[in-house]
Amino acid sequence: MDITTVVKKQYEFKDLHWNHKESAFHTHVGLKRVNYWRDRKLLEYHLNFRDRLFSKSGIMCNRMIRTRDGAPFVQLGGSFITIHDVIESTEIINDPEFLGFLIASLLEVGSEVPYYNEVDLGEFPYKEALKNLQQLKHKNQEVYSSLVRYIPKVKQRKSSLLMNPTCYDGNALKMVMGQYYYDLSNSLPKPAHQVIRRALLTDSYTEEDRKACWASLHNAISGDLVDRVKLTLLAPWEWTDCVREMQDCEDEEEVYNRYKKEWDTMMELYEVLKLSTRRTISYE
Amino acid sequence: MNNLNAILFQYDMTLEHYERYGKVLKVTTNQGTFALKETRLTRDRMDWMLYLENYFRELKFNGYVPLINTKYGDTFVVVEDRVVYLSHWIEEGSVNPSLKESQMIQRLAELHGYSVKDHAFSEESIKHFYEKMVVLRESRQFEMEKYVNDIEKRIYLSPFELAVATHFHQLMKNCDLSKSRLDYWFEQTNETKRYRTVLCHGKCSASHFVVGREKGYFLNFEKSVVDSPVRDLTYMIRASVPPFQFNPDTLVSNISHYESQFALHEEEKDLLASYLYFPESLFNSVTHFLSNQRDWSHMKHVRHFTKKIEVMNGITTTLQNMRA
Numbered sequence: 001m002d003i004t005t006v007v008k009k010q011y012e013f014k015d016l017h018w019n020h021k022e023s024a025f026h027t028h029v030g031l032k033r034v035n036y037w038r039d040r041k042l043l044e045y046h047l048n049f050r051d052r053l054f055s056k057s058g059i060m061c062n063r064m065i066r067t068r069d070g071a072p073f074v075q076l077g078g079s080f081i082t083i084h085d086v087i088e089s090t091e092i093i094n095d096p097e098f099l100g101f102l103i104a105s106l107l108e109v110g111s112e113v114p115y116y117n118e119v120d121l122g123e124f125p126y127k128e129a130l131k132n133l134q135q136l137k138h139k140n141q142e143v144y145s146s147l148v149r150y151i152p153k154v155k156q157r158k159s160s161l162l163m164n165p166t167c168y169d170g171n172a173l174k175m176v177m178g179q180y181y182y183d184l185s186n187s188l189p190k191p192a193h194q195v196i197r198r199a200l201l202t203d204s205y206t207e208e209d210r211k212a213c214w215a216s217l218h219n220a221i222s223g224d225l226v227d228r229v230k231l232t233l234l235a236p237w238e239w240t241d242c243v244r245e246m247q248d249c250e251d252e253e254e255v256y257n258r259y260k261k262e263w264d265t266m267m268e269l270y271e272v273l274k275l276s277t278r279r280t281i282s283y284e
Numbered sequence: 001m002n003n004l005n006a007i008l009f010q011y012d013m014t015l016e017h018y019e020r021y022g023k024v025l026k027v028t029t030n031q032g033t034f035a036l037k038e039t040r041l042t043r044d045r046m047d048w049m050l051y052l053e054n055y056f057r058e059l060k061f062n063g064y065v066p067l068i069n070t071k072y073g074d075t076f077v078v079v080e081d082r083v084v085y086l087s088h089w090i091e092e093g094s095v096n097p098s099l100k101e102s103q104m105i106q107r108l109a110e111l112h113g114y115s116v117k118d119h120a121f122s123e124e125s126i127k128h129f130y131e132k133m134v135v136l137r138e139s140r141q142f143e144m145e146k147y148v149n150d151i152e153k154r155i156y157l158s159p160f161e162l163a164v165a166t167h168f169h170q171l172m173k174n175c176d177l178s179k180s181r182l183d184y185w186f187e188q189t190n191e192t193k194r195y196r197t198v199l200c201h202g203k204c205s206a207s208h209f210v211v212g213r214e215k216g217y218f219l220n221f222e223k224s225v226v227d228s229p230v231r232d233l234t235y236m237i238r239a240s241v242p243p244f245q246f247n248p249d250t251l252v253s254n255i256s257h258y259e260s261q262f263a264l265h266e267e268e269k270d271l272l273a274s275y276l277y278f279p280e281s282l283f284n285s286v287t288h289f290l291s292n293q294r295d296w297s298h299m300k301h302v303r304h305f306t307k308k309i310e311v312m313n314g315i316t317t318t319l320q321n322m323r324a
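Line by line, the protein sequences are chains A and B.
Be aware that the first sequence starts at 1, since it is given in my numbering, and climbs by one per residue.
Be aware that the second sequence starts at 1, since it is given in my numbering, and climbs by one per residue.
Calculated from the structure, these hints are not laboratory results.
Computed from a predicted model, the values in this text were never measured in an experiment.
In this text, a Cβ means the ideal position worked out from N, Cα and C, and glycines have one as well.
Just to be clear, a hint being listed does not mean it is correct.
As the list claims (entries may be wrong) - Partial list, derived from the structure: chain B residues whose beta carbon lies under 8 Å from chain A: (1) F9; (2) Y72; (3) G73.
Unchecked claim - Examples of chain B residues lying across from chain A (beta carbon under 7 Å, computed): (4) N5; (5) A6; (6) R303.
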C-alpha cells in the first residue's frame, strides 16, 4: 500500500496530493509533512515530549496529528509514520527572552518524560574521563600533567544532580497565527548542558541578549530545578570532552588550547553564578 | 479573545467571522460553524468532563453536544489561566419556549434514568448529610437575621433594605417549612433505607439547553456532579419559573412530566420540597447587594429581589396545594 492510500485511509484529510518539492501532502487543511520512524521508543518519547511541552507551557510545536481513531501514529510493517503541520515561515525570530523560556520548558519536560536509553541519563562521566586520562599519560606526559592539575576544580564543579537530556534543535522558532511555533526534529534527545550552552552562545546574540536569555530561563524554570540547571551548565564538560578528544587526536597541544579557552570562559561564569567551593549554592 | 486564530489553528480551522453570545463565541470557519467557550476549569474538572464524554458514549445517551477534539487529540486548549473548548453550533431558530422546556424535562429525566445508581444504605452518611444541611441553613438564617436586626435599627431604610425587611417574616416561615420537610426526608430515608444518586447537570436551565433538528441537547457540563436528582430539579424549577406570570399548573405539569419518565421516591419529594422552600436565592440576593461585585444599580437589586420573592411565593403556594 502506498503512503497516499495509507494517509487517505487513516486520516481525515481530503483532496490529498503529494508535493515532491516540499516532501509533504497538500490537503484541504494545508500542507502536512510525513515523518518516518524506525524506533518505536524514540517515537513515543517524542510524542510524550511534544504533547507535554504544549500542555505545560503552551508552546506550539510540531505535534503528531491524530488519525481518525485518535491514534498519534500509524504502523507500517516494522516502521511508523506520523503527520505534522508544515509551517511556512521565512521570518527570522530573535527573541532571547522567549528562547530562555523555551529552554526552561524543554528542560522541565525533559526531566519529566523518561528517556528510554537509561545509559545516557545525563550522568557526569567523571570515572570514564579518569580512565581515559590514564591512557593519555603515555601519549603526552606534558598535556597529561596539565589536565591532572585541573582535577581539584573539576571535582568542585562536577555534580551528580544534573538535568536529563532534552530535545533541542537550535533557535528554530517560527511564527504561526501570531504565536511562536517550535519545529523539533526526530533526533535523539541531547545532553542538557549542550542545550543550555548552545542557546546562550547563539552566534547572533549580543552580551545583553545572553543575559536576557539566561534571566528568562532562570525565572521560568521551576524552583526545585534552578540549582540543577546551574550545576548542569557549570559541570566541567569541556574537561571531559578534551580528555575524550585527546585519545584519537594527532595534535594534543591544539586540542588542549582550544578547550582551555572554553574552560576559562566557564570558570568566569562559575564565579559569576557564585557557586561556593564546597559545592553548595550561595544564593545571590 | 485575542488569540482566536491561534486557537482555531489547533483545530485546522480558519476563522471567517465570530459573534459573542454571553460567554460563548459563535465562530464561523472554513469548516463550518462552532461554539467556542472560554472558561476556568481545574485539571480535575477537565478530567471529569472527559470522563463524561466517554460515559455518555457508553450509556448511548445522545442528549448532549459532544466536544470536538483538536487535530492533536486534545479536548481542551489551555490558554494562560483559562481553558477553551469547542463544540458544534446548534442553530435553534424560533423554538416554542414551552416545547423547549418540555424537551428539556424529558432529556433531564432520561439523563437521570440512564445514570441512576442505588447506594448501600448508610445511616451514618445520611445523618451526616442531614446535620450538615441543618448547620448550613441555620448559619445562613443567622446571617440574615443579623442583617435585618442591623437595618431595623435605622430610621430610614433604603428601598432594598425595606424590601428585605418587609418580606423577612415570610422568608423565615419558608425556612421553617424547609426544615420540617428536611426532617420528614431524614425520617423516611431511615425507614425505607434507600438512597440513590444520578448524574446531575448542575445548571439545568433553558440557557444550557438547545433544540435543533427537533431534538434537544444539554450544553455545558462544567458544573455537573453526582448527587440526588432533586438537585437538578430544584435548579430547573427555580430557573424556569417566570416572575410575575407564575402559573402553578405549569410547575405541576413539569414535575408530572419528569415523573412520567423518572419517578421520584416519596422521601425525594420531601427533599425537593425542602430545597424549594428554602429561600437560598433570596439570601444570595442580599449577599450580592452587600458585595455588589456586579456593580448593579440600587434599583436593579430591588427589582432582582422582588422577582425572586415572586418566584418563591409561586413555588411555595404550589407546593402547599400539592401537599393538600
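To see whether the hints hold, each was checked on the structure:
1. F9: Check passed: Cβ of F9(B) comes within 5 Å of chain A, closer than 8 Å.
2. Y72: Check passed: Cβ of Y72(B) comes within 5 Å of chain A, closer than 8 Å.
3. G73: holds, 4 Å
4. N5: Check passed: Cβ of N5(B) comes within 4 Å of chain A, closer than 7 Å.
5. A6: Hint on A6(B): holds, closest Cβ of chain A at ~4 Å, below 7 Å.
6. R303: violated, 43 Å
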